[in-house]
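**Q** Taken in sequence, the protein lines are chains V and B.
In this note's numbering, each number is its position in the first sequence, counted from 1, plus 9.
In this note's numbering, each number is its position in the second sequence, counted from 1, plus 9.
What the hints contain is simulated information worked out from the structure, not anything from laboratory work.
Be careful, since some hints might not be right.
Repeated chains share a single entry, so a pair holds when one copy, or any two copies, can fit it.
[Claimed, not checked] As a list, the in silico DSS-like pairs of lysine-lysine whose alpha-carbon atoms are at most 30 Å apart:
id	residue 1	residue 2
1	Lys122	Lys202
2	Lys202	Lys125
3	Lys57	Lys191
4	Lys46	Lys191
5	Lys122	Lys57
6	Lys191	Lys202
7	Lys46	Lys202
8	Lys46	Lys57
9	Lys202	Lys57
10	Lys202	Lys29
11	Lys29	Lys125
12	Lys122	Lys29
Protein chains: 2
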Amino acid sequence: MSADTRGRILGSAMELFATKGYAQTSIDDVLRRSDAKPGSLYHFFPGKEDLLIAVLEAHRAGIDALLFQPAWIGFDDPIERVFALMARYRMLIVASDCEYGCPIGSLALEMHKARKSVRERISANFAAWTDAVHRCYLQAADRFESGTNLRELAEFTLTTMEGGVMQSRTFRDVSYFDRSVKQLRQYVQALMKTPSRRVAAPKKRVGGSKAHPPGA
Amino acid sequence: MSADTRGRILGSAMELFATKGYAQTSIDDVLRRSDAKPGSLYHFFPGKEDLLIAVLEAHRAGIDALLFQPAWIGFDDPIERVFALMARYRMLIVASDCEYGCPIGSLALEMHKARKSVRERISANFAAWTDAVHRCYLQAADRFESGTNLRELAEFTLTTMEGGVMQSRTFRDVSYFDRSVKQLRQYVQALMKTPSRRVAAPKKRVGGSKAHPPGA
């Protein structure tokens, strides 16, 4: 009944829910993958939904260390951080042969009649993602036209990621994701002061900051 | 074994897959909802996946009559047609107390290891949607800055719809969808020639066409 066992069960469930979906994952699948005994699993997670809630809380707790921080290594410019985050998703799409689905987005659509406790934890993940992107835009606030709603832009960035991931996965073609991100980039440019060109190369705009991680 | 029975089974499956999800819908659910006999169901659809493929083909076959045509009643301006389509989704979101999920998008994310035959039919639905929106933008091509990639804009419009629906459903709040659509509207404006303002009221831009359906 160690914390290690709990972590192993949780990690297995995270992986299975992300790759097979919640409904398609059985408790037996989790037991097999984690090499845990039924008694241990039921001790920590009395029901499958308790496991789901713990998975969603783990995603939320790890969003900074597991998603943002690795994505932002070598990127100081706040706008480039937003697109470095998108590049992180691109990497996950390519590494999975375009089978990647955002684990939170997939659960959000799979949970048709989700209980409030589940929905609130999916919402918390979306909100944490949007908050972080919003902070990036706020750090570059002086580059946007006055009156630009940066919170809405952050929500729209999540919209772009989720819609782009969905299409790249369906068509098994990362270029669908790329084109959505390109449209977002053009929109961000259009919202900035004195946009000289519609599509500017990142380097042109981020003067001084590193557009690529060192050694990458 | 009439075509009527087949249609009743198919309609029930469409509704169940959309509201409960594919994995959570059992053949028994479909039999109960359609009041059909097991023999009839298996005669038309030997397996559950055959039923899924038929559902996806029915969505594809009905996209014009059931989605675009009703959305576009009273809208002649091609750009307003795009946003009238978005308004149609808004209506579905509100009518379902924000439980609405795009049936195709939900299946796209639920089908983690979907067979090629299923994925191809989900793709065909996305492609038909994008094609129709692309045609709208092409009809207004002279209003866009030269060099604007209208195909990519149509794909980005699907991205916006899917990402917006996902968030409004998760937060059970249509304003998430509204804000994504507002951002898309601002982007479309920015891509047009001589944008006078970032956020223009529809009426200002569509000179001559009806911004609202008659009697609506």
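**Q** Taking the hints in turn, state whether each one holds.
**A** Here is how each hint holds up against the structure:
Proximity of Lys122 to Lys202 under the C-alpha cut-off of 30 Å is found in neither arrangement, the shortest distances being 44 Å within a copy and 45 Å between copies. Proximity of Lys202 and Lys125 under a CA criterion of 30 Å is satisfied in neither setting, with 42 Å inside one chain copy and 46 Å between copies. In this assembly of identical chains, the alpha carbons of Lys57 and Lys191 never lie at most 30 Å apart, being 39 Å within a copy and 39 Å across copies at closest. When the C-alpha separation of Lys46 and Lys191 is checked against a cutoff of 30 Å, the pair qualifies neither within a copy, at 48 Å, nor between copies, at 51 Å.
In this homomeric assembly, Lys122 and Lys57 come within 30 Å of each other (Cα to Cα) both inside a single copy, at 15 Å, and across copies, at 21 Å. Proximity of Lys191 and Lys202 under a CA criterion of 30 Å is satisfied in both settings, with 19 Å inside one chain copy and 20 Å between copies. Taking CA atoms no more than 30 Å apart as the test, Lys46 paired with Lys202 passes in neither setting, with 60 Å inside one copy and 65 Å between copies. In this assembly of identical chains, the alpha carbons of Lys46 and Lys57 lie at most 30 Å apart only when taken from the same copy (15 Å versus 33 Å across copies).
Taking the closest pair of Cα atoms, Lys202 and Lys57 never come within 30 Å of each other, the shortest separation being 50 Å inside a single copy and 54 Å across copies. When the C-alpha separation of Lys202 and Lys29 is checked against a cutoff of 30 Å, the pair qualifies neither within a copy, at 45 Å, nor between copies, at 46 Å. Taking CA atoms no more than 30 Å apart as the test, Lys29 paired with Lys125 passes in both settings, with 23 Å inside one copy and 16 Å between copies. Both within a single protomer and between protomers do Lys122 and Lys29 lie at most 30 Å apart by alpha-carbon distance, with minima of 19 Å and 7 Å respectively.
Hints 1, 2, 3, 4, 7, 9, 10 from the list above are not met by this structure, while the remaining hints are.
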